[in-house]
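Which chain is which? The protein sequence lines are R and A, in order.
Quick note: the first sequence uses my numbering, first residue 34, plus one each step.
Quick note: the second sequence uses my numbering, first residue 183, plus one each step.
Hints listed in this document are in silico derivations from the structure and should not be mistaken for laboratory results.
Glycine included, each C-beta is placed from N, C-alpha and C at the ideal position.
It is possible that some hints are incorrect.
Per label pair, the in silico range of CB-to-CB distance [to be verified]:
#1 T316(A) <-> G326(R): 29 to 37 Å
#2 A254(R) <-> E453(A): 18 to 26 Å
#3 H114(R) <-> S306(A): 25 to 33 Å
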Amino acid sequence: MERDENAAKNPDGAAGDRAPLLSVRDLATYFRVEGGVAKAVDGISFDVMPGEVLGIVGESGSGKSVASLSILRLIPDPPGHIARGEIRYGGRDLLKLSYQEMRSIRGNEIAMIFQEPMTALNPVFTIGFQLIETLRQHHPQMSKQEAFERAVLRLEQVKIPDAAKRMRDHPHQFSGGMRQRVMIAMALCCNPQLLIADEPTTALDVTTQAQIMELMLTLRARREGGSIILITHDLAVVAETCRRVIVMYGGKIQEVGTVDQIFSSPRHPYTIGLLESLPSAQRGKDRLHTIPGNVPYIMDLPTGCKFCTRCEKVIDRCHQEEPELHQLKNGQLVRCHLVEDEAVKVSGDMPSTTTSAPAP
Amino acid sequence: MAAPLLEVRNLKIGYPVWGGILRHKVDEVQAVDGVSFTLRKGETLGLVGESGCGKSTVAKAVINILRATVPGVHQQGEIIFHTTDGPVELLGLSRRRMRPMRAHIQMIFQDPFSSLNPRMTIGSMIEAPLRLHTARTRKERIDRVHWLLERVGLQASQASRYPHEFSGGQRQRIGIARALAVNPQLIIADEPVSALDVSVQAQVLNLLADLQEEFDLTYLFVAHDLSVVHHISDRIAVMYLGHLVEIGAADTVYLQPAHPYSRALISAVPEPDPQADRSGRVVLEGEIPSPLAKPSGCAFRTRCPIVRPECAEAVPPLEAKETGQLAACPFS
Ligand SMILES: Nc1ncnc2c1ncn2[C@@H]1O[C@H](COP(=O)(O)OP(=O)(O)OP(=O)(O)O)[C@@H](O)[C@H]1O
Ligand SMILES: Nc1ncnc2c1ncn2[C@@H]1O[C@H](COP(=O)(O)OP(=O)(O)OP(=O)(O)O)[C@@H](O)[C@H]1O
Ligand SMILES: [Mg+2]
Ligand SMILES: [Mg+2]
Chain R
34 MERDENAAKN PDGAAGDRAP LLSVRDLATY FRVEGGVAKA VDGISFDVMP GEVLGIVGES
94 GSGKSVASLS ILRLIPDPPG HIARGEIRYG GRDLLKLSYQ EMRSIRGNEI AMIFQEPMTA
154 LNPVFTIGFQ LIETLRQHHP QMSKQEAFER AVLRLEQVKI PDAAKRMRDH PHQFSGGMRQ
214 RVMIAMALCC NPQLLIADEP TTALDVTTQA QIMELMLTLR ARREGGSIIL ITHDLAVVAE
274 TCRRVIVMYG GKIQEVGTVD QIFSSPRHPY TIGLLESLPS AQRGKDRLHT IPGNVPYIMD
334 LPTGCKFCTR CEKVIDRCHQ EEPELHQLKN GQLVRCHLVE DEAVKVSGDM PSTTTSAPAP
Chain A
183 MAAPLLEVRN LKIGYPVWGG ILRHKVDEVQ AVDGVSFTLR KGETLGLVGE SGCGKSTVAK
243 AVINILRATV PGVHQQGEII FHTTDGPVEL LGLSRRRMRP MRAHIQMIFQ DPFSSLNPRM
303 TIGSMIEAPL RLHTARTRKE RIDRVHWLLE RVGLQASQAS RYPHEFSGGQ RQRIGIARAL
363 AVNPQLIIAD EPVSALDVSV QAQVLNLLAD LQEEFDLTYL FVAHDLSVVH HISDRIAVMY
423 LGHLVEIGAA DTVYLQPAHP YSRALISAVP EPDPQADRSG RVVLEGEIPS PLAKPSGCAF
483 RTRCPIVRPE CAEAVPPLEA KETGQLAACP FS
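Using the sequences provided together with the hints, build the complete structure.
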């Protein structure tokens, strides 16, 4: 697997001189539920630079999928709605586009690999039919034969054996990991500028995973400035493929840094606890380290720091006052009262420089 | 050594391939091709292998749901489950006679999204097996549901909510709570923690270990994350294209794999460290063969780094290696 090449050659390339491909500002997505409002995503801001592979990790239920579905405006309304924010892509605010304009963005500009394949695949049609339909939607001039061949090629690229024959099969005839790869093939059919990959390799063994990650990176490089948002709980994949990582907890961004910063000098207590929970970090132990306590139910999130109910370093202030995002000297962003002395507050939730935490 | 709880003997599963104008069965995909292993009471056997190699098929065969869910499936071999009243062969059981077995064998499905009923609250879903298999009162059942929800890191108050209101990892934990509800003896866990961040994952793995200790549970644990499998398993079995190619003590298979496929698989484990040295990896050449046109002899030979002409002749049997495990390769 290759690490984000562009970034490696030009570690500071993202700074200032280039405009971001996607800018999310103060995005908030809420769900109306019995007894109140569930603030699944509550004011997140970040940039995706051209050519970048941006990692997003975080607690199960912290809002990663809801954030990505919001970017594509796929939040079911009701019960959900985007309460505020801005999503700038190609000079336009995606939240202001018409349904038609959004549809064209969805296919041709931004594609998504969904966390659960069966949300994207239709159980009653063969996967060949679904792939060909997707292709012809994006390339209306493409003949049936051409579309068929391209679909088979994509299936071969995601390592489905006997691809041509398997075009006739329905989703339930594939294994879990194969279904996931079929969906990846479908997302790649559109040749997107920005690929949002939500847990794209959860069902794959390590060898297949390495091949699929490499395929995503190669196809991205084919389009000038092609970028990927990679949501995953697999920290090894993040370590290998991303340059920058966002850590989420309780609907908010808690920490942002380069992979080296996040893995070698994590500063947010949640990030520290997360890395300590890795089974590979504690070989031979009977019980695995965990972060104490449970994630509070989304309706009962504390008013202060979202993590204060489980934090080992909690102080009184954490219960009353939610910390702002602060930037350390090395560029790392941390939302924690304990770093405030050595950091500057990030105004408006996101400085222009966060897009380019300087190389350490 | 503990008594055997489950014996799988020469299991073969063929999925039908339909074709022709009348959609009749034209061929069969041999998804599992002669797999045998024994699970002892109280142990955890980890099952790993390439995507599509037949792990879920083995898992579904053990809880005997293939016949009801895949018309035309062809099953051979024996799956013997040792109950307190003596051994029972599961594959041959009718649906009606299988039902009481479900109090003892439960499965955590790989795909939580399709295995949860979208029209039922998660509370009633977790309660369902309790209603079916136990004599608990309604109050006892509800208490148990709440206890389970909290143990998997959710809140009791979420029992009245529906599956679509949860995140991917939360849904996976609902499936785990449902399988644990009746305190079964054997749990078939198919990728049970694949959608969880490492902290919640550690919590769930600790829970599985605690329950194992307390109730002497036995697990067949299918997963692709080898560091997780190594942590939780007493023994590890490796599959390739429908065959079992290696089985042995977890430390041995993980640290000194004998079969060339296991070696490649284990060398590919990525390190959660951006500075890690990645030079020792064995990258597998070639395409995964189709189960419809399997290579003769050893199924792995088309991609094997140490292949010899003899490998095409016969399927190599599992044989004991110096390091203690069984591996299906005479040349390793
Ligand atoms: N339709 C809905 N109604 C109510 N709450 C919802 C709905 N969809 C999502 N949520 C809540 O929003 C929160 C964020 O969910 P999201 O799916 O974004 O989590 P995630 O970070 O992707 O987690 P995972 O890693 O488990 O996939 C969760 O607490 C979830 O319960
Ligand atoms: N219902 C079915 N009909 C036809 N073929 C099937 C069916 N279910 C599975 N298969 C095929 O059987 C083979 C083994 O599938 P299985 O689901 O057991 O794999 P797996 O090892 O669990 O893979 P993964 O790690 O991707 O989940 C695959 O080639 C798959 O396409
Ligand atoms: Mg998610
Ligand atoms: Mg499977």
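Going down the list of hints, with the structure as the test:
1. Between T316(A) and G326(R) the Cβ separation comes to about 30 Å, which falls inside the hinted range of 29 to 37 Å.
2. At roughly 24 Å, the beta carbons of A254(R) and E453(A) sit within the given window of 18 to 26 Å.
3. In this structure, H114(R) and S306(A) meet the distance hint of 25 to 33 Å, their C-beta atoms being roughly 28 Å apart.
In this structure, every one of the numbered hints holds.
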